[in-house]
Amino acid sequence: GAGVSQSPSNKVTEKGKDVELRCDPISGHTALYWYRQSLGQGLEFLIYFQGNSAPDKSGLPSDRFSAERTGGSVSTLTIQRTQQEDSAVYLCASSLNRVDGNSPLHFGNGTRLTVT
Amino acid sequence: AQTVTQSQPEMSVQEAETVTLSCTYDTSESDYYLFWYKQPPSRQMILVIRQEAYKQQNATENRFSVNFQKAAKSFSLKISDSQLGDAAMYFCAYRSLETSGSRLTFGEGTQLTVNP
Numbered sequence: 286g287a288g289v290s291q292s293p294s295n296k297v298t299e300k301g302k303d304v305e306l307r308c309d310p311i312s313g314h315t316a317l318y319w320y321r322q323s324l325g326q327g328l329e330f331l332i333y334f335q336g337n338s339a340p341d342k343s344g345l346p347s348d349r350f351s352a353e354r355t356g357g358s359v360s361t362l363t364i365q366r367t368q369q370e371d372s373a374v375y376l377c378a379s380s381l382n383r384v385d386g387n388s389p390l391h392f393g394n395g396t397r398l399t400v401t
Numbered sequence: 004a005q006t007v008t009q010s011q012p013e014m015s016v017q018e019a020e021t022v023t024l025s026c027t028y029d030t031s032e033s034d035y036y037l038f039w040y041k042q043p044p045s046r047q048m049i050l051v052i053r054q055e056a057y058k059q060q061n062a063t064e065n066r067f068s069v070n071f072q073k074a075a076k077s078f079s080l081k082i083s084d085s086q087l088g089d090a091a092m093y094f095c096a097y098r099s100l101e102t103s104g105s106r107l108t109f110g111e112g113t114q115l116t117v118n119p
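For the record, the sequence lines run as chains W and A.
The first sequence maps to residues 286 to 401 in our numbering.
The second sequence maps to residues 4 to 119 in our numbering.
Treat the hints with care, since some could be wrong.
To be verified - To give an idea of the interface, some chain W residues facing chain A are shown, with a C-beta separation under 10 angstroms as derived from the structure:
#	residue
1	Gly288
2	Ser380
3	Arg397
If you are wondering where the hints come from, they were derived from the structure by calculation, not from laboratory data.
All C-beta atoms, glycine included, are put in the ideal place defined by N, C-alpha and C.
I would like the entire structure built from these sequences, with the hints used as guidance.
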């Protein structure tokens, strides 16, 4: 596709349930990032992928959060036993080249997660 | 760790006027990139302008320009001839070239309102 695609656009789940958020990056982009944006706040880094490996997971807030990337393309962010504080917009971004700081991040439209 | 600060939670401007959004950052690195992103209600982050730290010349993109003061660690965005479509949340972001993954570190954002 032309841009970064995220699904679902919106997700409402009950506290304690598991959710999966999907990100389909721009074709050929080797770097992929997940960010979380709470209401009215800036973006909080979660995890970075280079290809299928995740050299930086330092932003994951707890062991309930995990992510994987297969085939160097699609990534899935999984939140287990969701809590109300997990409610936020989850944004995915991809980049052509991680070492070239001039290669901008291209963002998807995000998934708005609401935990009731 | 790098930090980015946007001291103006909200700003407003009259259509066709000029507005400046402030951003400061803290880093011990000498080489990095700075960005301004725009986030309309659609949630998608749109790159507005970028600046390489090693370049003294301020970046310009049509009606958008920056005032980059490296010694002061300041990176303000000037929007000239403001248009209704400029209304959005604006985020300043820092990108390290030294840490793994070259992640973006974002400020808290400035909500810009354009009055007709």
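Self-check item: Hinted contact W/Gly288 with chain A - closest CB pair below 10 angstroms
Solution: holds (8 angstroms)
Quiz item: Does W/Ser380 pass the interface hint, meaning its C-beta sits closer than 10 angstroms to a C-beta of chain A?
Solution: Nearest chain A Cβ about 8 angstroms off; hint holds.
Practice problem: May I ask you to test the interface hint for W/Arg397 with respect to chain A, counting a Cβ-Cβ separation under 10 angstroms as satisfied? | Solution: holds (8 angstroms)
Violation of the numbered hints given earlier is absent; every hint is satisfied by the structure.
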